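A.B. asks: Okay, here's what each chain looks like letter by letter:
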Amino acid sequence: MWGILGRRAVVNGGISASSLRSRVRSSSVSARSYAAAGSKEMTVRDALNSAIDEEMSADPKVFVMGEEVGQYQGAYKITKGLLEKYGPERVYDTPITEAGFTGIGVGAAYAGLKPVVEFMTFNFSMQAIDHIINSAAKSNYMSAGQINVPIVFRGPNGAAAGVGAQHSQCYAAWYASVPGLKVLAPYSAEDARGLLKAAIRDPDPVVFLENELLYGESFPISEEALDSSFCLPIGKAKIEREGKDVTITTFSKMVGFALKAAEKLAEEGISAEVINLRSIRPLDRATINASVRKTSRLVTVEEGFPQHGVCAEICASVVEESFSYLDAPVERIAGADVPMPYAANLERLALPQVEDIVRAAKRACFRSK
Amino acid sequence: MSLSRLSSRSNLIPRPLSAAISRLISTDTTPITIETSLPFTAHLCDPPSRSVESSTQELLTFFRTMALMRRMEIAADSLYKAKLIRGFCHLYDGQEAVAIGMEAAITRKDAIITAYRDHCIFLGRGGSLYEVFAELMGRRDGCSRGKGGSMHFYKKDASFYGGHGIVGAQVPLGCGIAFAQKYDKEEAVTFAMYGDGAANQGQLFEALNISALWDLPSILVCENNHYGMGTAEWRAAKSPSYYKRGDYVPGLKVDGMDAFAVKQACKFAKEHALKNGPIILEMDTYRYHGHSMSDPGSTYRTRDEISGVRQERDPIERIKKLVLSHDIATEKELKDMEKEIRKEVDDAIAKAKDCPMPEPSELFTNVYVKGFGTESFGPDRKEVKAALP
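In the order they appear, the protein sequences are chains A and B. Going by full-length UniProt numbering, the first residue of the first sequence is number 1, and it counts up by one from there. Going by full-length UniProt numbering, the first residue of the second sequence is number 1, and it counts up by one from there.
FYI, nobody ran anything at the bench for these hints, they're computed from the structure. This one's a predicted model, so the numbers in the text were calculated from it and none came from an experiment. Please note that a few of the clues may not be correct.
Stated by the list, open to error - With beta-carbon atoms standing in for the labels, derived distance ranges:
#1 Ile96/A with Ser239/B: 40 to 46 Å
#2 Leu226/A with Thr231/B: 56 to 62 Å
#3 Lys385/B with Ser324/A: 16 to 22 Å
#4 Tyr72/A with Lys370/B: 29 to 35 Å
#5 Ser324/A with Ala350/B: 54 to 60 Å
#6 Pro296/B with Val338/A: 53 to 59 Å
#7 Gly202/B with Lys77/A: 26 to 32 Å
#8 Met357/B with Pro306/A: 38 to 44 Å
All C-beta atoms, glycine included, are put in the ideal place defined by N, C-alpha and C.
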């Protein structure tokens, strides 16, 4: 059932790929002129909020916990209105003690509740990472299935704008290396809704990596995605744009950049296939490899540090499984191998830009200019 | 009280018992009041009475269960030296009174979570000797099917949540279980056990703060055996009054070698936690073995100290004296009981030795509850792959 939903979502995404691109560019302007008659739009923030709301409504075991999630309405307003609607027995404001409240969340999950634990950013999750890895991820295995942990750890991940080195790291690679965890990274509003609902319903611990700069972005959203039963499958990537010359894989905010790059490449006669990973663990190696076998070229993109990153895993997977199909070396575009600087120009240099993706794709196509 | 009811409470009493002993144990609940050996020391609360209500049956059960726990741990020592147990093995002998006293005060709906010195707690919660030895030896019938090992015993149906290897992590987890008990209105409490070494962990105070703020029914039990691995408490803690460490949270210091004191304290703590939120219990106890089987336990403490505690404060000896002084059993009957226990332990070990190791396919089970058929890999991913169900 989920597979069918996934495919329909691809069709929707495909139709509005160009309108998607212009929406991403003009974030606060709802470009209604692009919208097909009757189609709605939703910000990622509203998508996340509605997903949590619906899951709390459907299952009394679901509760929210984190700093400022209640009375403050959420540091980024993702949990806005939930305290008023569900009361203090379902929405808990915690002190600034990540290790403590994450441990409490995991313990509550051991005992059968379904916590949604918010980290104000994933940088702060490092204070609680022992509980995420040792208390949550490994428990089902160590107990041979007696203790499962139906918890979601969510919050913004990766770079924001001008927040400096301690507030800009991407943790996708760290968490996705751990067996027992599921790691999801939505891009669009539909991704946000479908993946968060799936994560909350999932009986295993899920790390849900959002992106602060995407919260305010509006995306078209189908009726189906607005339904309260809507879920996206975990472990399945989405082909945002079909192409035949080069495969570009990425996740989160970089999907928008990759789509822009694909437009630029199209102007030069290169047809790029853009894959939105959606799920970092499990990684949809099948979709990635099928695409590379079609295009023979790969550019992987991520915002995080390059060494031992998500891109490195994808390159390894493709080289192992589809070596004879490759017509060019695999290309990686990632964040610069430095702590994030503050100055705007340096920050721009530290993060992948559309031109980086275009350049790499051209290299893969043996077109250097 | 019938034998069968006893057995359902704990499967520690085997079926074929000598006639004498079954007579003893089925001698029903003649009430006895025992005075704790030491008074309780209280912080921000009124200590409970030193007079503990007990019964003939309870005394005998205490003796028998603690002797079983003791025997089990000594046997594990031998198995470790014979290399049948690998890795880490943290033994509890000396501390049995804490496990048994706690069980006597609570129900199976109350939860217990502890760190890695968990064999006896697991037994107290209803686990079997066979499951213990099979798990220690990494066999298929172990309580975690051989996949956990010594530090990862669990028994969820008895509200025993493990079995944790990271020092201190179990305390916030325990407060989370208490959170769930309150959320679900269960009228039950959680005992989160930790050692004097873990007592300095920051996450403990974070969890205690939240427990106090949200009135969670969590009881923090510090098993103070005075050494955090090789570091004596005075070298690790500026304030070794662990029962006072909660500051605004009440605490009680308890003679942890006295099973009745432990029982009274846990009963008191449960009543407190259900009404008023968290409380700390400090159990003054002692471990005869080193921190683990890799630690001889004599480089940081004298042999005189160890034998001194064994002579003056051994929990099983204390119960034995009480049993004898109350004429509940004779020396010979107790010796016979010990012989039976030895046999029970030996039989369990023999059976566990015969148990096969887990199937290779178990490498890939229980990674997830719902794996969606994702692929997982062995060291050579082109050789060994599995689809996670």
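A.B. asks: Indicate whether the distance between the beta carbons of Gly202/B and Lys77/A respects the range 26 to 32 Å.
C.D. replies: Given a distance of about 30 Å, which is inside 26 to 32 Å, the answer is holds.
A.B. asks: Okay, Ile96/A versus Ser239/B on CB: inside 40 to 46 Å?
C.D. replies: violated, 24 Å
A.B. asks: Could you say whether the range 54 to 60 Å given as a hint is met by the Cβ separation of Ser324/A and Ala350/B?
C.D. replies: holds, 56 Å
A.B. asks: Against the range 29 to 35 Å, how does the distance between the Cβ atoms of Tyr72/A and Lys370/B compare: consistent or not?
C.D. replies: Holds: the Cβ-Cβ distance is about 34 Å, inside 29 to 35 Å.
A.B. asks: Please check whether Pro296/B and Val338/A have a Cβ separation lying inside 53 to 59 Å.
C.D. replies: For Pro296/B and Val338/A the Cβ distance comes to about 49 Å; the hint is violated.
A.B. asks: In this structure, is the beta-carbon distance linking Leu226/A and Thr231/B contained in 56 to 62 Å?
C.D. replies: At 59 Å between Cβs, range holds.
A.B. asks: For the hint 38 to 44 Å, verify it against the beta carbon of Met357/B and that of Pro306/A.
C.D. replies: holds, 41 Å
A.B. asks: In this structure, is the beta-carbon distance linking Lys385/B and Ser324/A contained in 16 to 22 Å?
C.D. replies: holds, 20 Å
Going through the hint list in order, the structure does not satisfy hints 1, 6.
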